[in-house]
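Protein chains: 2
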Amino acid sequence: MTLVENNGPDARLLLAALFPHTGNAHIIGVTGPPGCGKSTLVNSFTKLCRKGELTVGIVAVDPTSPFSGGALLGDRIRMRDLAGDPGVFIRSMATRGSLGGLALATADVVQLLDAAGFDRVIVETVGVGQAEVEVASAAHSVIVVVAPGMGDDVQAIKAGVMEIADVFAVNKADRDGADHAVLALRMMQDLGKNTIGTAGRADDGWEPPIIKTVATTGEGVAELLSGLDAHRMHLHTTKQYESRERARLSRELEAILQQEVLARLRERVPTAQLEDLVDQMVARELDPYTAAQRYLASGGLE
Amino acid sequence: MTLVENNGPDARLLLAALFPHTGNAHIIGVTGPPGCGKSTLVNSFTKLCRKGELTVGIVAVDPTSPFSGGALLGDRIRMRDLAGDPGVFIRSMATRGSLGGLALATADVVQLLDAAGFDRVIVETVGVGQAEVEVASAAHSVIVVVAPGMGDDVQAIKAGVMEIADVFAVNKADRDGADHAVLALRMMQDLGKNTIGTAGRADDGWEPPIIKTVATTGEGVAELLSGLDAHRMHLHTTKQYESRERARLSRELEAILQQEVLARLRERVPTAQLEDLVDQMVARELDPYTAAQRYLASGGLE
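One line per chain: the protein sequences are A and B, in this order.
Here the first sequence is numbered in the numbering used here, starting from 3 and rising by one per residue.
Here the second sequence is numbered in the numbering used here, starting from 3 and rising by one per residue.
Everything labelled a hint here was simulated from the structure, so no lab data went into it.
Since the model is a prediction, treat every value here as computed from it, not as a measurement.
Some hints could be false.
[To be verified] Among chain A residues calculated to face chain B with C-beta under 10 Å, some are:
(1) Cys-51
(2) Ala-107
(3) Leu-227
(4) Ser-228
(5) Asp-231
[To be verified] Selected chain B positions facing chain A (Cβ under 7 Å, derived; list incomplete):
(6) Phe-91
(7) Ile-92
(8) Arg-286
(9) Thr-292
(10) Ala-293
Idealized CB from N, CA, C, for every residue including glycine.
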């Protein structure tokens, strides 16, 4: 696993060898604002899967700050909870490099878990930013988790998150405001249908269910599991499973290309030349687009 | 402005012509969780700048959902508030394309405003994800806004946000829990110093001030303005202004290269060939890394 994350030539050979064995796992993205209880919900969901003899791989994607150390703490709690079960594998991704790098590393680990035969692979992201949306949406089914009383419910699920949801979980549903949150989501769904004519990621005939959960007690988690299974069936019967696979793999190919092409350019063009271009930019003698042209020309990519 | 966002050849000529006139604006990034009152604070801040005869350009970066329409509504409120003042220019960026594309489009608009002579250019991002952090951190000074009572304060400012702050604003400081939020930030600062030996983005001798604000009444906004001016002075006296400019422009160059390189590859390799590679990936006959190699070989980048 570490081998794969380091992304060396050995890792690629391994991934190439394993790739034919992938394509069996149901890949589930989970996203939502910090503090909505995502991790607890994933734990609860995992325990229920295990009762049904399903194996679960969890990839927790968290570009965490060294200040907060959130991922580490969360993982310890989680490990204690699910420890010793060979049917569960948990991996935290906390790459602090580029966004593309994180997306790619996540895709690689998902493939490993898929090849290893896990029935469900859960990709859990922290935060509700654009990057988190991209990482989570590289899944077959996406759960968007919200919780009542987190400031403005509508605000909290902005930023393109609504469209990627296949299932909504209103977690902490034993708190005040849960019904309000459900209502707000339903209104946004109706609004979406009226204004752009679609619900969900595409006009695919799927209406994302809104499920109330209490992760700490397990309430509603069975409904969440059924909702996801129903979505998986829907993807298969409407042939959308393949189109999501296509989209997912195309995106991965694009991410690899971007990384590789830049790496090759760097091999071809001396570092001093790049530094020189940046110097000229800082001095306002050269604009960024012209600088890019010159760099590409030096690398033989005119 | 629209010309620039469309990113055609004309836009590049325009940006190249304007680039020598950039480098004068103080670029200020503003980020923080949804619902913390960022936009209201930016408005309040802008009004105070105007009293001091400073011109202000605002770039609101919001990959907004068509469901919520948040950016639109926010802009209308904002427009009403600051309308008719030629010393203020507001532009919403709601690119729904790739992350790199959004960062690049934002950088281009910032340059336009800089060249147009705005004294302060504010880049405001919604959300607290990794992409938002990247966009906001491409600034000379970064304000991280939090508000009391938004669930777990510490959770809400995870994800690498702490490190990029040059100034903290605890907004809605008239609410319960404001002192708690200040204390939590201070503890995280101390923790950061003890564990990794730095405060702020680098070990640069700057201790990010924590300022309580009430954006709706303007309370604390003058202190925010002084805090930012002090940071700008600090950057100049410690020669870090230039190093931040370097970092900002290097990042922009990299973003352009990433975009250009893929565009050039696409010109060289027929689309059908890419489709064919993806088909083989979906059929599990070809793994993503080998597919990337073949694509690069076809484009003459072995």
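Original post:
Regarding the hint that Ala-107(A) lies at the interface with chain B, is the smallest CB-CB distance below 10 Å?
Top reply: This interface hint is violated because 13 Å lies over the 10 Å limit.
Subject >> chain B contact restraint for Leu-227(A) - C-beta distance below 10 Å >> reply: At about 26 Å, which exceeds the 10 Å cut-off, the nearest Cβ of chain B leaves the hint on Leu-227(A) violated.
Original post:
Holds or violated: is there a CB of chain A closer than 7 Å to the CB of Arg-286(B)?
Top reply: holds (5 Å)
Subject >> Supplied contact hint for Asp-231(A), tested at 10 Å Cβ to chain B >> reply: Hint on Asp-231(A): violated, closest Cβ of chain B at ~23 Å, above 10 Å.
Subject >> chain A contact restraint for Phe-91(B) - C-beta distance below 7 Å >> reply: violated (21 Å)
**OP:** Verify the interface restraint on Cys-51(A): the C-beta must sit less than 10 Å from at least one C-beta of chain B.
**Re:** With Cβ-Cβ at 25 Å, over 10 Å, it is violated.
Original post:
Does Ala-293(B) meet its interface restraint, that is, does its C-beta lie within less than 7 Å of any C-beta in chain A?
Top reply: holds (6 Å)
Original post:
Would the hint on Thr-292(B) stand, with a C-beta cut-off of 7 Å toward chain A?
Top reply: holds (6 Å)
Original post:
Does Ser-228(A) pass the interface check with chain B, least Cβ-Cβ distance below 10 Å?
Top reply: Violated. Min distance 25 Å.
Original post:
Holds or violated: is there a CB of chain A closer than 7 Å to the CB of Ile-92(B)?
Top reply: violated (18 Å)
Comparing the model with each earlier hint shows violations of hints 1, 2, 3, 4, 5, 6, 7; every other hint is respected.
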